[in-house]
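> For chain G, the structure is supplied; the task is to place chain B on it using the hints.
There are 2 protein chains.
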Amino acid sequence: MRISELAEVTGTTVTTLKFYLRRGLLPPGRVVTRTQAEYDAEHVERVRLVRALSEVGGLDLAAVGRVLEAIESPDIGRLDVMATAQHALSGPREREGRGEGEGPGDGEGPGDGEDPPRGDERTRAWIAARDWQVDPRDAALDRLAASWSACDDAGIGLDEVRLDAYADAVERIARIDVTSVPPEPAAAVRQVVLGTVLVEPVLASLRLLAQQHTAITEGRRS
Amino acid sequence: MRISELAEVTGTTVTTLKFYLRRGLLPPGRVVTRTQAEYDAEHVERVRLVRALSEVGGLDLAAVGRVLEAIESPDIGRLDVMATAQHALSGPREREGRGEGEGPGDGEGPGDGEDPPRGDERTRAWIAARDWQVDPRDAALDRLAASWSACDDAGIGLDEVRLDAYADAVERIARIDVTSVPPEPAAAVRQVVLGTVLVEPVLASLRLLAQQHTAITEGRRS
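These protein sequence lines are chains G and B, in that order.
Sequential numbering of the first sequence, starting at 49, is according to this note's numbering.
Sequential numbering of the second sequence, starting at 49, is according to this note's numbering.
Chain G with its partners taken away, still in its complex shape:
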């Protein structure tokens, strides 16, 4: 199909598709004439995936690029896959400079794994007390430390006890995540990376609905 049909089928615009092509998020079509290329079902699937990751997953286009790269590395190990998914998920923090003149917020490369231990002391102590086996240089530790501090600063009473209670529930989620991973390597990579990014908004919506349900059924005292 032509690019205009690809746009129609995927509910997007030719401008957007050309933008994806320029950013390397969409592989080029098969050249037919000097001004025309043919696109196929794989392009349709790819456009849908890019849109899902950016619109549903909330990733910026640099993060989308990293996720696509991870999916296309068939020899990547399971932990590397998780690290990549993680890095992709921490992408939104790159947007923090927007409108604040604090330098470019886009296009930063992933960490190289040669950094010092991540997270602050409290976070590392909590992880150790919980006996979680995680890479001490994992960027998620920084993210946990920063978001935990932000809760403190905002006066939310998130102490170790409440964090442990959350972690108990989240361990169940992680067990579902990990046991849903298919045994075949390429499928596993796809499942872990996309599942980590795309299931996140599912869980966030479930939390809002479950809060409402709980507040209504248990919290009638309010």
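Calculated directly from the structure, the hints in this document are not laboratory data.
Take these hints with a grain of salt, some might be off.
[Claimed, not checked] Covered stretches of chain G, as calculated for chain B (at least 3 residues, CB under 8 Å):
hint, segment
1, 78-88
2, 179-191
3, 195-209
4, 214-223
5, 250-260
[Stated by the list, open to error] Here are some, though not all, of the chain G residues that point toward chain B, as calculated from beta-carbon distances under 10 Å:
hint, residue
6, M49
7, I51
8, S52
9, T227
10, L242
From a predicted model like this one, the values you see are computed outputs, not experimental measurements.
Glycine residues also receive a C-beta, built at the ideal position from the N, C-alpha and C atoms.
For chain B alone, coordinates are given in the frame of chain G:
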């Protein structure tokens, strides 16, 4: 203190603070001379909150404005509070038009609650089967439907059984959320709104770490 001191204390820049003032995210200081205003501890706290919501919570500035508005409405009901927090959380989807020429993605007002039932048929059926008491016009239903469909499109096997398993875990999280809400109304509003937004990245980081821990300890077969 002067605006330059406020910038220093909060680790930001005068440019950023003036931007917040223009957007109404930071209340004006007490006018001292025609070119100078005084800021106090409340301004420091507010700047930290704005930064936490945007940088840690990942909200765009329009959503930050809505959250601040919610916190400042002392007579808002518990469900309204949740709806506002929800709306603020669904903010990132407003960014979807970026670079795609699909019209303005910023500054849209919240829904007026006069809309038809939200979510698709499958989502409504699942909610009904689960017997969750939620507002059928809640925007989180749309978000759940969209993110669930995106998982389908990406080939993630998220069926009703797996969604139920996630929901069981998320119900525990919601119970912690709801029982952590202080009885005093103004504090409750603050806790629910900020907790919904700021605890989200804590949970997302915990999920990544718990996945890693689970994959290492249970998944040595990989």
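> Each hint should be assessed against the structure and marked as holding or not.
Hint check:
A count of 0 residues in the segment 78-88 of chain G with a Cβ less than 8 Å from any Cβ of chain B is obtained; the coverage claim is therefore unmet, three being the minimum. With a threshold of 8 Å between beta carbons, the proposed coverage of the segment 179-191 of chain G by chain B holds, since 8 of its residues qualify and at least three are required. Here the segment 195-209 of chain G counts 10 residues with a CB under 8 Å from a CB of chain B, which clears the bar of 3, and the coverage holds. Residue count for the segment 214-223 of chain G with a Cβ under 8 Å from a Cβ of chain B: 10. That meets the three needed, and the coverage hint holds.
Only residues whose C-beta sits within less than 8 Å of a C-beta in chain B count toward coverage, and the segment 250-260 of chain G has 11 of them, enough to reach three; the restraint holds. The restraint placing M49/G at the interface with chain B is violated, with a minimum CB-CB distance near 18 Å, outside the 10 Å limit. Given hint, I51/G at the interface with chain B, is violated; its Cβ is 15 Å from that chain's nearest Cβ, farther than 10 Å. The beta carbon of S52/G comes no nearer than 15 Å to any beta carbon in chain B, farther than 10 Å, and the hint placing it at the interface is violated.
Nearest Cβ of chain B to the Cβ of T227/G: about 8 Å, under the 10 Å cut. The hint holds. Hint status for L242/G relative to chain B: holds, with the closest Cβ pair at about 5 Å, below 10 Å.
Comparing the model with each numbered hint stated earlier shows that hints 1, 6, 7 and 8 do not hold.
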